[in-house]
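In order, the protein sequences belong to chains C and F.
Per numbering that gives the first Met the number 0, numbering through the first sequence is continuous, rising by one, with the last residue being 430.
Per numbering that gives the first Met the number 0, numbering through the second sequence is continuous, rising by one, with the last residue being 265.
Keep in mind the hints are simulated off the structure, nothing from the lab.
Heads up, the beta-carbon is just placed ideally off N, CA and C, and yes, glycines get one too.
A portion of the hints provided could be inaccurate.
[Stated by the list, open to error] According to the in silico footprint, chain F covers these stretches of chain C (three or more CB under 8 angstroms from chain F): (1) 123–136; (2) 295–305.
[As the list claims (entries may be wrong)] With beta-carbon atoms standing in for the labels, derived distance ranges: (3) C:189 / F:234: 47 to 57 angstroms; (4) C:145 / F:166: 48 to 58 angstroms; (5) C:89 / F:66: 40 to 50 angstroms; (6) C:229 / F:235: 25 to 35 angstroms; (7) F:238 / C:355: 53 to 63 angstroms; (8) F:158 / C:275: 49 to 59 angstroms; (9) F:235 / C:145: 34 to 44 angstroms; (10) F:123 / C:61: 54 to 64 angstroms; (11) C:189 / F:164: 48 to 58 angstroms; (12) C:63 / F:66: 44 to 54 angstroms; (13) F:164 / C:259: 25 to 35 angstroms; (14) C:88 / F:241: 52 to 62 angstroms; (15) F:246 / C:215: 45 to 55 angstroms.
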Amino acid sequence: MMSEFDVIVVGGGPAGTSAAIRLAQNKVNVLLVDRADPPGSKNVSGGVLWGNDLGKIIPDWEKIIPVERLITRKGTTFLTKDSAISLDFSSRKFLTNRTGYSVLRVKMDLALAKKAKEEGAMVIGGVTVDSVARKDGKIIGIEQDGDTITSDTVILAEGANPRVAIDSGLRKPIGDRDVAIGVKQIYKIPEDKINERFNLSGNEGFAGEYVLGYLPDGVEAGGFLYTNKNTLSVGVVVSPSHLRNYGQMHSYDIMEEFVQHPSIARLVEGGRLEEYSAHLVVEGGLSSVPKLYGDGYMIAGDAAGFSFSNGLVIQGMNYAIASGIAAADTFIEAKEKGNYTAKALSDYQKKLEESYVLKDLRTFKGIENSTWSSMAHRTIPDILERFLFRLNLEDGLPKKHILELLLRSVSESGHNKTSLALEAYRMMRRM
Amino acid sequence: MTLKIIVMMKQVPDAEEIFIDPVTYTLNRTAARGVINIPDENALEIALQIKDKVGAEVTVISMGPPQAEEAIIECMGRGADRGILITDRAFAAADTYATSLTLAATIDKIGKYDIILAGESTTDSGTGHVGPGVAEFLDIDQVTYAESAEVVDDKIRVKRILEDADEVVEVPFPVLVTVLTGANIPRRATLRRKIDAIKKGIERWDHETLGLPPDWIGIRGSPTIVGAVKVPEEKKRASKKISLEQIPEMIDELFEKGIIKREDGA
């Protein structure tokens, strides 16, 4: 029996819409379903889009996607109770090597869904898919409210909490170590004030990542602050297992403390809180990547655990887009042979192995042990604060060599120099 | 004979996303997404309940810009059989009189109908004129403020919620019923029905389809003149921190100043 659609894509984020756009551009009969109406309106992420992959399906993506600011300044900051220690990189090189833009996801995802529709995909929002439909062990479509909608292949791109994949037994349930909790606020601040505060002009933008080194022992969290046209995206990312270990701490408390930290408070000061959202963030690395394909299905984006974070650079949307396109291309090739078995769709895995998506996950296997470590979150900020304070303080005493100051800061922090050096070396290798 | 039901639906800006422009005093709805006017959802639900019980053909009509198609598809996804969008630049800036006339002409063109259902008013203008206006132009009976309705033989039995009483009335067809916000819990659209709705498509009618002269519609057909729009001034409010023990004292003070009154008027 003929299927009603060639492909059904579940999920209207970057992975799902990219797959649908690529498929529709190749005259594939595709249905994209999202639980939100309009599609994508429930989607959340930090908000910097690295658009190389998007350029493969939308050459003029910078005009089609409502981008906010071109990132020309990047910051990595260790925050302690009293101090902020930053590595600040701003470069005019970013003006010619354009890579990242800050984006607001609800606008961006709606534009991508609209693009998919224009290319010929059927796009439906406001409907929650219940599960995949199976016949003789093969996936033949999806189930929704008692109806079966058939397709030759299903692409599951449902995001960080992939209920359909889990409930259909296509991946294991999400555990503490697979995800972190992201909490995000958007503050409205006049454009000129943002330019003034962040030393920007025109549509230049700042993207900052933060290590929250002032939290109680055992709770590790990162923060971020991105500039949009006339809003700031500010948020924290915290591991649920840490919150569980430390019963008194909630993710929203960590969010509040972050915006009240002196070096953040002055940046958001006077801003009107416009949005408050929370979302799961894929953080599990290679160990939480499920089997990516089977008879009649592929899994892409966050649902497949695709993301990258080394503490300095955090990316997800580009992995989602790249995997969505790879899934689409795999289907297009499979369609020529009319074969949608696991064997035919295994090309998807091959494509991802050849691209940075799985290469990065393999290269940085186990990196989550470094980024979510007491070393990164407490030891380093503590030693740096001691060292830099001593270096910059004029106290009327004779000066000392930098190395001596550094070593003294290490011993004062209560760490053994040799074991610390070893741990730092291991960490650098992972990163 | 299958019962014929027409539901009048308007796509309105999501009330959570609109604000009053502090300079022009007009509603800024540019950022707002379009949603189905809430009581219209309740009206559609009553139509679908009747369809479930006794069988009916449900047609949704809406007057608005081209993007109102999405709201009609959503209605069909919930169970409506047919969707008609009345869309034409010539309808722009219509007041409730010209809107009622246009909708009545649409219903007249559809032809046979037994029940017309509509929300009691819209969340973006709130006059409550259009339902009764359509009934007057069509010269049929109307029942307003309905909480529920069911078909009994060849009549509709409607429960109305009034300020001091509930009223149950029975009216023979054809009849127009306006439905209160929150009268029921609207069902959700299913994927199957939404796919079918998109495949089937909606009909688009303009003023020529309806045979309406340009003088009768849009801004030219609208006798209403908006004199001015004012935003009421914010009243200055006083606040005071008091302890638990001071509450009786505070209440006495509020009585003295006449801010609160006893129920018996003393």
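*asked:* When the structure is checked against the list of hints, which entries are broken? Sort them ascending.
replied: 2, 3, 4, 8, 9, 10, 12, 13 and 15
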